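Q: Given the coordinates of chain A, work out where chain B should sit on it, guided by the hints.
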Amino acid sequence: MAEVATTEKTPTVQEQMKTRETDSQAGINKIYEGNLTTQKQALLDAYNANTAAQAQQGQNIQQNYAGANYDIGVQNARNENNLTQFADLRGANTAAGSQHRLNLGNARARAENALAYQQQQALAENQRQQQLTTQMYQNQVDAAFADNDYKKAAALLDDYNNQNTWREQQAQILATYGNFDPYKDLYGNDAAAAMQKVWQAQNPDVAYRTGAITPQQYKDITGSWPAGYTPPSSGGGFYWGENNGYVPTTGKGGGGGGGSSTPYTLISSFFPWNK
Amino acid sequence: MATINDTLAQRQKESANQIGELYNKQYNSQAAQLKTAYDKNVSDVQAAQAKIAPQYQTQANQLAAQYERNRRNANLQAMNNGLGTGNAVQQQEALNNQFQQNYAGLRANEMAAQTEAGQKLVNLGTEYQNQLAAARSEAENKKATALVEDQNKQNTWYDEQAKTMAGFGNFSAYEKLYGKDAADQMKEVWIIQNPRVALGAGLIDAKKFKEITGENP
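Residue numbers (my numbering), protein chains in the order written: chain A, 69 to 343; chain B, 29 to 245.
Please keep in mind that the hints were generated in silico from the structure rather than gathered at the bench.
Remember, it's a predicted structure, so these values are computed and weren't measured experimentally.
Every residue, glycine too, gets a C-beta built ideally from N, C-alpha and C.
Certain hints may be false.
What the hints assert, rightly or not - Across the chosen pairs, the derived CB separations fall in these ranges:
{"#": "1", "chain 1": "A", "residue 1": "E89", "chain 2": "B", "residue 2": "L50", "range": "36 to 44 Å"}
{"#": "2", "chain 1": "A", "residue 1": "L112", "chain 2": "B", "residue 2": "A93", "range": "47 to 55 Å"}
{"#": "3", "chain 1": "B", "residue 1": "N52", "chain 2": "A", "residue 2": "D253", "range": "39 to 47 Å"}
Isolated chain B (complex conformation):
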């Protein structure tokens, strides 16, 4: 048969579980919202990132085509103008240098864009992870506050039950609070103050009743 102390232990356990579950749900809900926002942001950045390589390849192709045109034109002009070998080669070199510079610049820009996009993804991940940790922290702090409040509530509940039970001559709850000696004394006082009830409830016998009241029941 469950005692008041068993009931208290059961209440404390159930209450703590419910509080834990409540704040886990709160965290899970926040985490789901954060994940939705994170996934959308990542998707946006990845979509933009996917365009980088084709964009730069198009520019590189245009650059190469332009270089080829310039090279051919220069060559034709050189032949038509009777330009010397040294000068013609120098002209081609100049065109090549320019192209190489432009091409390398283009690739460097592409790399910078790729690095930036990659860093954006990393930053989004960092932000998301930090938000998750903050949400967990918030939920845990609320849970801790709720658990402390619940501990107080359970104690108050126990005190009220002790008082209620004492009204019926049961001081077992007070035994936990004050110890057996004090609870026994309280019970004795209660019996002396309520001898007829105590007799009716079987807490004392007729002899004890007479000792208290001086009368036979």
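If we strip away everything but chain A, and leave its shape as in the complex, we get:
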């Protein structure tokens, strides 16, 4: 099976520099994602502990009131018994006895009702506290989200500004090596090209040897041909060394004539950054 050749595009300087920004933003997003996850877990732990405590308080209320109710009932039964004995000893008639039991029953019911009402109030309050806890938890989670969003946005904004500063600094560094590609993004192609021309004029040797300018351009800048280069008028089409990076398009060693306007083609495989 024949292999399919894949052509991988080399990233430009700007694209490569963009990875710093992308990595930085991804880092910030990850940091604040972790931050939110931990905060949410902390709030959930608190919520679970709080609701469990409140549920326990509800059970305690039920238990305590049941105990009190039982106690009142026991006390009441004891009193009823005493009173019934008293009435019997005093020879109270049937009607008086019935009235007497009715009165005792009423007294007991009043006591029990009062206690039951108070218990219901306590349980209602407990229920209200549980609802408040749930509401508070939801509010805290919402606040944590909002706070996290805000802090992340602030960090990303800072980072955006830092990246702009960083790009400017890197553009300056690259410019000292004759690479003005980042300045294209900052100032536009024309301005970057003009800056590059200035740099080449200031550094003709380096510019020539890195293949950024032709021998003719070198001569235009310095007034003389590059060292080691034999101009066309004195032999024609000769190129300096083997690593100059330029060959006459009319062919290497084409001989004679040519003149100073001989077009040169960059051997891009040697200077890939000038493709």
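A: Showing chain B alone in chain A's frame:
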């Protein structure tokens, strides 16, 4: 052999771990302080709560004893005064009603006190748990800020190392920043500007040196 990029990765990892550890310690310290305060508060409320039942039992006993005294006195008075059966029973009922009312009131108050103490404990727990969550949140926020700052510091460090290395003709760090083509170009410029150093460092051979300088080494 470690490269600058390996070193950066190692620095980032170690730094992130140290930051994480620092703010975990800060949280643990705060959590310990909160726990101490919480335990003391709970202990105070529990001590007060433990007194409720005995206090009310004492009052209940006093109430019952008083009722018994009143009942006996009323009975004696009724006999001495020759009170009729109906009236005597009514008198006893009245005393019983009063006692029942008082006794139930006492128990209700006790229950209210117990409920209040229980609620205080719940509130202390809620407050403690919320403080723990807030401490965690504070530590996490500080950690996030520190991690973002550290990310910037590491980037600045890397840029400085790239510059230092470039001064010695090593553009491998710049390759990560600008790509291979740009780094190669920078290296070529550096070699052209420093042919003798490049030759001495073995970055170029004699032929290349001659191409650049027009002279033999």
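Q: If a hint holds in the structure, say so; if it does not, say that too.
A: Verification of the hints:
| no. | hint | result |
| --- | --- | --- |
| 1 | A:E89 - B:L50: 36 to 44 Å | violated (28 Å) |
| 2 | A:L112 - B:A93: 47 to 55 Å | holds (54 Å) |
| 3 | B:N52 - A:D253: 39 to 47 Å | holds (42 Å) |
The structure fails to meet hint 1 from the earlier list, while all remaining hints are met.
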